[in-house]
Amino acid sequence: MNQQKPSPGLSRARGPSVADTLAADRVAPPGPLLEESYAFLGDADIPCSRYTSRQFADREFDRLWSKCWQWACREEHLQEVGDNYVYDIGPYSVIVVRTATQRIEAFVNSCTHRGTRLLGGEGCGYSRAFSCPFHGWSWSLDGQLRDLPGRWDFPHVDDTSHNLRQVQCERWGGFVFINLDPEARPLGEYLEVLPEHFRHFPLDRRRIRTHVQKVLPANWKAAQEAFMEAYHNFATHDAPNGANTQYDLFGKYVSRFIHNIGSYSAESLHDYPGDKWRAPPLSENQMLQMLSVFGLAHDEVPPGESARSIAAEDLRARLGEAWGVDLSDVSDSLMLDSIEYHLFPNMFFFCGITVPMVYRFRPNGEDVDSSLFDVLILEPLPEGAAHPEPPEPVKLSVEQSYAEAEGLGWLGPVYDEDTGNLLLQQQGLKASRKAGITLGNYQEARIRRVHLTLDEFLAENKRDQ
Amino acid sequence: MTNNRYEEVAQLSQLPVGKTLCVERSGREILLCRTQEGVFAVDNLCTHAAARLCEGRLKGQRIVCPLHGAAFDVRDGSALTAPAVQALGCYAVNVEGDSIQLALPGETL
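Same order as they appear, the protein sequences are chains B and Z. Each residue of the first sequence is one higher than the one before, starting from 7 at the first, in our numbering. Each residue of the second sequence is one higher than the one before, starting from 131 at the first, in our numbering.
Hints are computed from structural coordinates only; laboratory data are not their basis. Yeah, the Cβ is synthetic: ideal placement off N, Cα and C, and Gly gets one too. Where hints are given, some of them may not hold.
What the hints assert, rightly or not - Only pairs whose alpha carbons sit at most 25 Å apart, straight line, appear in this in silico DMTMM-like list of lysine to aspartate or glutamate:
(1) Lys149/Z x Glu395/B
(2) Lys149/Z x Glu86/B
(3) Lys149/Z x Glu398/B
(4) Lys149/Z x Asp373/B
(5) Lys149/Z x Asp424/B
(6) Lys440/B x Glu395/B
(7) Lys401/B x Glu138/Z
(8) Lys149/Z x Glu412/B
(9) Lys149/Z x Glu385/B
(10) Lys149/Z x Glu81/B
(11) Lys401/B x Asp203/Z
(12) Lys401/B x Glu159/Z
Claimed, not checked - Derived contacts from chain B toward chain Z, CB cut-off under 8 Å, selection only:
(13) Gly126
(14) Arg134
(15) Ser137
(16) Glu398
(17) Thr459
(18) Glu462
(19) Phe463
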């Protein structure tokens, strides 16, 4: 009676895999999308306290956020010498500044005299030099102490002892990354497959079309984990496709999912409740109807065609013309699919054309129970075109709906559905009498990967104390 | 506002979106700021340490002071970030064709 169980992590949803779908696409994808990389990482529960405990959050500030690479802004935020961007992470604050035409540097946003925060706001700014509003000490853009009113009283301050404290700063894909750890290994070692994979879909040749920043009612890890799997699509988003999403773990820091859009497998839902999308399955015309939110020319699938290939074709023409870019060789997968790379601890980069987001999740100040979620929509730039001045972020409070942010289109209602879950999850994590959360071996492996790497940060830096 | 008398101070074609222009009216420096939402006029001197905002940068709807990084909303003059706490004076603007017009002195919003 009992069938032999496969080894943990080897089971998959029934029906065609992502690899099968990509192999059938009319325009084939670039090599990185054909790679598969998964390993079983264990199935132990993850303690709920990691999401709710003040002490755990404090350890993260001490040992994670002060030690890991994180993107602070885009290069396009810093177009001219003197342009700066203030990036806050928990109790820390960093000024990223263009100090010369080709040079971007970062400094701790704190006066070396009595510690006052130098730049008050967060986000884009500008100044010719840095000057403390308290006693007027000032520094050149490259952090060198320049003026010290009443120098006669500070014989113990020399020319170099009170420069602004430098923060490690590197660039990749049009993003400016910082790391508060002076001993941190170079960013390149941390990016794993990202530089090689994104050679095929360069993010530096995109510009920010929309930036929305919202407060979410959950710990930063719970918030980002809602975006790391497509398992929730059926229940949360009333969507048919998600069960046969592909999940990849490329190393300690980078993971990926590829979630096909415009195709699904009825068999993948074989043990889901009800008959929806299974008996009968969706027709190709019904699938095309679902894709109409993207703005398609066709409202019917021609005989012998698939909804997926027709949608990809329509979008190549419409978006290519709208943006002044040639999309004629872009694969069906890049045109349509939700292809999401995650970089530890909190960054997501999508390489697709119609699903072109970047996410960043971080603690909201030092609050354990809420987080800040930045969504950037990145649009391809025509060849040779300069980056325009980026839009200011639309800031939404925890109560506001994504519908209030222009520019998100079909994503707005989707994010509102995710947000609704998060409030319930954070409440439930506190109410739970079960010590930990349970994860699927395959579909939720990326979440486990983040926790394992987080453990290494929390343990590794213990040695320093 | 509708009873204000306006006087031309600049041409719209002189002022691209995202840029500012300092004009003088009755000895007072006024900064014209053109954003995606229109043309706005505020005092040119920062309320914190009187630096000239025309030497700062317009970021979206914010003018940022070059000296200490204080930011003001050009639509209503409100101070957004430390060290500034007092709002900038702001002035009614009328745009007719290429003509940017300011309300006469004493008729601030």
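Against the structure, the hints:
{"no.": "1", "hint": "Lys149/Z x Glu395/B", "verdict": "holds, 11 Å"}
{"no.": "2", "hint": "Lys149/Z x Glu86/B", "verdict": "holds, 14 Å"}
{"no.": "3", "hint": "Lys149/Z x Glu398/B", "verdict": "holds, 15 Å"}
{"no.": "4", "hint": "Lys149/Z x Asp373/B", "verdict": "violated, 38 Å"}
{"no.": "5", "hint": "Lys149/Z x Asp424/B", "verdict": "violated, 39 Å"}
{"no.": "6", "hint": "Lys440/B x Glu395/B", "verdict": "violated, 49 Å"}
{"no.": "7", "hint": "Lys401/B x Glu138/Z", "verdict": "violated, 36 Å"}
{"no.": "8", "hint": "Lys149/Z x Glu412/B", "verdict": "holds, 24 Å"}
{"no.": "9", "hint": "Lys149/Z x Glu385/B", "verdict": "holds, 24 Å"}
{"no.": "10", "hint": "Lys149/Z x Glu81/B", "verdict": "holds, 20 Å"}
{"no.": "11", "hint": "Lys401/B x Asp203/Z", "verdict": "holds, 15 Å"}
{"no.": "12", "hint": "Lys401/B x Glu159/Z", "verdict": "violated, 32 Å"}
{"no.": "13", "hint": "Gly126", "verdict": "holds, 3 Å"}
{"no.": "14", "hint": "Arg134", "verdict": "holds, 5 Å"}
{"no.": "15", "hint": "Ser137", "verdict": "holds, 5 Å"}
{"no.": "16", "hint": "Glu398", "verdict": "holds, 3 Å"}
{"no.": "17", "hint": "Thr459", "verdict": "violated, 35 Å"}
{"no.": "18", "hint": "Glu462", "verdict": "violated, 37 Å"}
{"no.": "19", "hint": "Phe463", "verdict": "violated, 32 Å"}
When each numbered hint is compared with the structure, violations occur for hints 4, 5, 6, 7, 12, 17, 18, 19.
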